[in-house]
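Residue-level listing of the chains:
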Amino acid sequence: MNANDQKIKIHTLSVRLFHWINALAILVMITSGWQIYNASPIFDGIGFPSSLALGGWLGGGIQWHFAAMWVFVINFAIYLLIGIFGGRFKMALFPVSPRSVLTDLGKALRGRLPHDVGRYNAVQKISYLGVFALFIVVILSGLSIWKSVQFSWLASLFGGYDDARVVHFFCMALICAFVVMHLALVLIVPSTFIPMVTGWAKKTKHSNGENHAA
Amino acid sequence: MLLKHKAAPVMLERTKSILNIERRLFMKQTLSLGALSLLTGCDFASTTDEPNAADRILAAMSKWNDKAQAALFDPTKLAPEFTEADIKDPFPFNAYYGEDEVRIVDGATWKLELSGMIAKKDAWTLDQLKALPQKNQITRHICVEGWSAIGKWGGSSLGDFLRLVGADTTAKYVGFKCADDYHTSIDMATALHPQTIIATTFRDQPLPPKYGFPIKIRIPTKLGFKNPKHVMEMFVTNDYPGGYWEDQGYNWFSGA
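In order, the protein sequence lines correspond to chains C and E.
Under this note's numbering, the very last position in the first sequence is 214; numbers go up by exactly one each time.
Under this note's numbering, the very last position in the second sequence is 470; numbers go up by exactly one each time.
Okay, chain C solo, but in the shape it has when bound (with noise of 0.2 Å):
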């Protein structure tokens, strides 16, 4: 009848908007965490490029990565307990097994997975779990680096402040390892950009018109 009968509603406001804040927050955060990183760095010879550091300098680094924190910290909660209790995780994200990771990678690496629109195949089940996953640990290292006395006993879980650092530098290149592959992915079908704007997608051969998306 009309055009939205070729469209469907993949990606609920809620989820749009957690993923621009999301967006956002993430890279203030590893901007800021270069400089901060770049002050005393863990590893002799690694460093970031200064003009890629957020900041300034220190002080200013600190004061970016301490402010966006809670825009990280806060707009991921709500994501997780909307995801959670409002059933979304458990449509869109499970079941995921390990071999349907391995027959949908196989499937990709040989240019065969089918884009299913509203519906995510195992790879992408798998990566935003891991992906969640590792801003969990992100968040439990940083506070172990920023409280390291008053949560102490999360510091020891990772092994001591030291080792929290390393942790925290670790989730974040695995971050930036999901975002590269994340923006790459976007590139080669562009078409799943304009619902994370506008939450409508066209329908294609593979789609089954139902909302799965996370």
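Among these hints, one or two may not hold up.
[Claimed, not checked] The calculated lysine-lysine pairs, modelled on DSSO-like cross-linking and capped at a C-alpha distance of 30 Å, are:
1) E:Lys291 <-> C:Lys147
2) C:Lys147 <-> E:Lys281
3) E:Lys424 <-> C:Lys147
4) E:Lys391 <-> E:Lys325
5) C:Lys147 <-> E:Lys349
6) E:Lys302 <-> E:Lys391
7) E:Lys386 <-> C:Lys147
8) E:Lys391 <-> C:Lys147
9) C:Lys147 <-> E:Lys277
10) E:Lys302 <-> C:Lys147
Just so you know, these hints were derived from the structure itself, not from any lab.
Based on these hints, arrange chain E on the given structure of chain C.
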């Protein structure tokens, strides 16, 4: 919400000093804000000498973080203690100047001056301080830069000392002025913490000049820059005193 503070006199003082920080910071921050401005379309990178939007928000968030940290601070929660084997040797020297500029204070003539909301303002000699009950701690010094080093400090409880000299322990701040023109200040709750000490020894030896002779305030619940060396004067006040680094933008509370 964060920007609306009750205009109490103390806050006004702080706002003034934070505006000063902003002025000093903004040139540095503007440089790396271009990308963010492009992304958000916000005018973060102003070209005037006034604090821009980003600086105002960051300063407000830093004040918010002071409050959050004060709320998280448990006055009975002790910093982890370590063993002699964990002590970093050599222990790193750190200051806003190089090691060749370490101030040499004459311990024989030095006296700790007291001022502000303290009943007994008589100055204290090093021998008088050393005659107070002494305690040792092997704790982790955490630098704002991120590195850490375990050291051993000995001295008398700052909380006991403040009560002894009749300090108003309901006041908000304890400030320190140092021989190297450094200054800093801490919240009263941290000053009264059982591990906050007036350190006169490092590794059981008299505090060497590079670690703060004659006294260093050792506060294992705060970042290193909140642990002043070569302290000449201690004062108690309700007026936000700021600090050398704090006035330039480091978070004031900086608690671990």
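Tested hints:
A hinted pair counts as satisfied when its Cα atoms are at most 30 Å apart, and lysine 291 of chain E with lysine 147 of chain C qualifies at roughly 12 Å. For the suggested pair lysine 147 of chain C and lysine 281 of chain E, the alpha carbons sit about 14 Å apart, so the restraint of at most 30 Å is met. Distance restraint check for lysine 424 of chain E and lysine 147 of chain C: the Cα-Cα separation of roughly 27 Å lies within the 30 Å cut-off, and the hinted pair is therefore satisfied. Taken as a hint, the lysine 391 of chain E and lysine 325 of chain E pair is honoured in the structure, with Cα atoms around 13 Å apart against an allowance of 30 Å.
A hinted pair counts as satisfied when its Cα atoms are at most 30 Å apart, and lysine 147 of chain C with lysine 349 of chain E qualifies at roughly 24 Å. Under the criterion of a C-alpha separation no larger than 30 Å, the hint pairing lysine 302 of chain E with lysine 391 of chain E is consistent with the structure, at around 28 Å. In summary, the hint linking lysine 386 of chain E to lysine 147 of chain C is supported, as the alpha carbons are separated by about 22 Å, within the 30 Å threshold. A hinted pair counts as satisfied when its Cα atoms are at most 30 Å apart, and lysine 391 of chain E with lysine 147 of chain C qualifies at roughly 27 Å.
Pair hint lysine 147 of chain C plus lysine 277 of chain E holds up; C-alpha atoms about 17 Å apart against a cutoff of 30 Å. For the given pair, lysine 302 of chain E sits about 21 Å from lysine 147 of chain C by alpha-carbon distance, which is consistent with the 30 Å threshold.
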